Each structure stands twice: as structure tokens, then as C-alpha cells.
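Undergrad: Residue strings, one per chain:
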Amino acid sequence: MTQPEEHTLSPFVQMVGAKIEEWREGYVRLSLVLEEKHTNPHGVSHGGVLTTLMDEALGAVIASVRGLDAMRAAPHATVEMNVSFLAGPRAGDEIVIEGRALKVGRSVAFGEAEARRRGKDDLIAKGRFTFVMQTARSG
Amino acid sequence: MVEPIRAPFAAFVGAVLEEADEGSVRLSLVTGPQHADASGRVHTGVLTTVMDSVIGIALSRLRGEGGDHRPHATIDMSTSFYAHATPGDEFVAEGSVIHLVELVAFGEVEARRRGDGELLAKARLTFAIPAARK
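Note that the protein sequences, when read in sequence, are chains P and B. Position 113 of the first sequence, counted from 1, bears residue number 113 in the working numbering, the numbering being contiguous throughout. The working numbering runs 139 ahead of the 1-based position in the second sequence.
Please keep in mind that the hints were generated in silico from the structure rather than gathered at the bench. Just so it is clear, the structure is predicted and the values come from calculations on it, not from any experiment. There could be a bad hint or two in this list.
As the list claims (entries may be wrong) - Derived list of chain P stretches under chain B, where covered just means 3 residues or more per stretch with a C-beta under 8 Å from a C-beta of chain B: (1) 29 to 43; (2) 50 to 59; (3) 78 to 88; (4) 95 to 108.
Glycine included, every Cβ here is placed at the ideal spot set by N, Cα and C.
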């Protein structure tokens with residue numbers, strides 16, 4: 001298994017504050033302790049926090065399967081994202097995001113992500129994502 | 140008309156409220172290096188955060204005080220991404236509530252790069268509204 005410290009989060013996710021818990025081929029797990037800054041006006045997690053972390057986890061999952069050389073030659077980009085929010089975690093809750101690859105083809109990849117509350121382990125959000133590998137021409 | 144954004148996360152990310160009336164809401168954000176993803180483009184999460192807030196605010200405007208007593212929450216968000224923004228770009232997200240009934244509301248929002256107006260992303264959102272206490 002590859003050690004997490006060999007991988008880094010994107011600048012935006014570093015700003016949001018998540019950390020990498022596990023990173024292996026086809027599977028990435030991130031976590032984040034929610035703070036007030038991650039909430040909406042009613043005190044629950046902003047939808048954008050979860051979509052951000054799911055996209056980060058799945059982008060990393062696809063990279064873990066494709067390898068860095070393939071990724072540099074034709075970076076993959078999210079083209080479709082469908083997320084359902086089942087519960088609203090609050091500041092103080094720790095959320096765990098797991099991303100798994102469903103299929104990584106030559107030009108298209110599919111992944112799904114689940115978010116749970118640590119301790120309760122209840123599903124709080126589920127996402128399905130589609131990525132397209134961009135050639136220099138289509139990028 | 141500029142007023143602060145009430146959602147702490149949208150403000151933290153850097154969104155600015157440009158216009159909000161009962162018909163539609165417009166937010167904008169000037170992106171920088173802190174908004175980059177692993178490939179150096181603007182992270183999709185920046186766009187989805189701003190787009191989610193557009194509809195959340197539009198729904199608050201429509202619901203008035205009812206929104207404070209029975210706060211609505213996003214339950215589904217479907218987003219298509221057509222082009223990417225590059226850190227340094229400013230984008231504008233504009234959308235509106237297209238249907239609102241007792242317990243559910245639907246909204247549509249699109250994000251465009253300011254300047255050339257290129258369509259970056261489009262999203263459809265569903266919000267749940269808690270039932271009134273009897």
C-alpha cells in the first residue's frame with residue numbers, strides 16, 4: 001500500500017482543511033472535522049463541502065488507477081456529478097469520505113463516493129461522478 | 140446592491156452576492172491559486188459551493204421568514220461541467236427557484252466565466268423543506 005504522505009491534497013482542499021487517511025489503487029479515504037466555517041446559515045454542513053471532498057477523493061482514485069504519467073499526458077476532468085444529501089452534519093462532527101472507482105476506461109471513468117459521520121457511521125451523502133480524460137486538443 | 144453572504148462556507152470560499160431579488164440570484168467569485176485542484180484548474184467544489192448557495196439564497200428570498208423557522212436543505216444536486224476555469228478567472232453563477240411547494244423546491248443555476256461568458260457548469264438542485272409542526 002502506498003503511504004498517504006506521498007500524496008498531497010489540492011490547494012483548495014488544503015484550504016477547506018481535509019486530510020488523507022488512506023490512498024491505494026482504486027480507493028481513497030479523506031476526513032474532515034467540521035467547523036463553523038463549513039456550515040450554511042442554519043448550522044449544518046454546506047453542500048459544497050461534501051461535493052468538494054467527494055470530487056477530490058474520486059479524482060485521486062482515478063489517478064491511482066491511471067498512474068501519474070497517464071494523468072499528466074491527459075488529465076481527467078469531472079464532467080458529471082450527482083450527489084444526494086441524506087443528513088446534515090454539524091460543526092464538531094467528523095466526516096469520512098470514501099471514494100471508489102467503478103470503471104476506468106481509456107477515455108471515460110466512473111466513480112462513487114460515500115460520506116459518513118465518524119462514530120455514528122450513518123450515510124450522510126452519496127455521489128456518482130463521471131470523468132473524461134482530456135487530450136490536448138479537447139482540453 | 141452588495142450585502143454579506145450569510146452562509147459561512149460560501150463566504151470562506153470567497154463568494155460575493157451581486158444581486159438577489161425574488162426572481163433570481165447572482166453570486167460571483169474571483170478565483171486564485173487557493174482554489175486550484177490537483178491539475179491546476181479551478182476545483183469543481185468552488186463552482187458547486189457557489190451554485191448551491193445561489194439556489195439556497197433564492198429560496199430564502201421566496202420563503203421569507205418561513206425559511207428561518209423551517210430551514211430548507213439541499214437533498215440532491217446534479218451538475219454538468221462543460222469547461223474549466225483557470226485560477227485568476229472570475230465566474231458568475233446565476234439561478235432561480237423554478238418550483239416551490241409545501242415540502243420541496245427545485246432550482247436551476249448556471250456558472251459562466253466573466254468576460255467571455257463561456258458556460259462552465261450547470262446544475263439542478265432539489266431542496267427539502269421540513270414539515271410544519273402541528
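Undergrad: Going through the numbered hints above, which ones does this structure break? Give me the numbers in ascending order.
TA: 4
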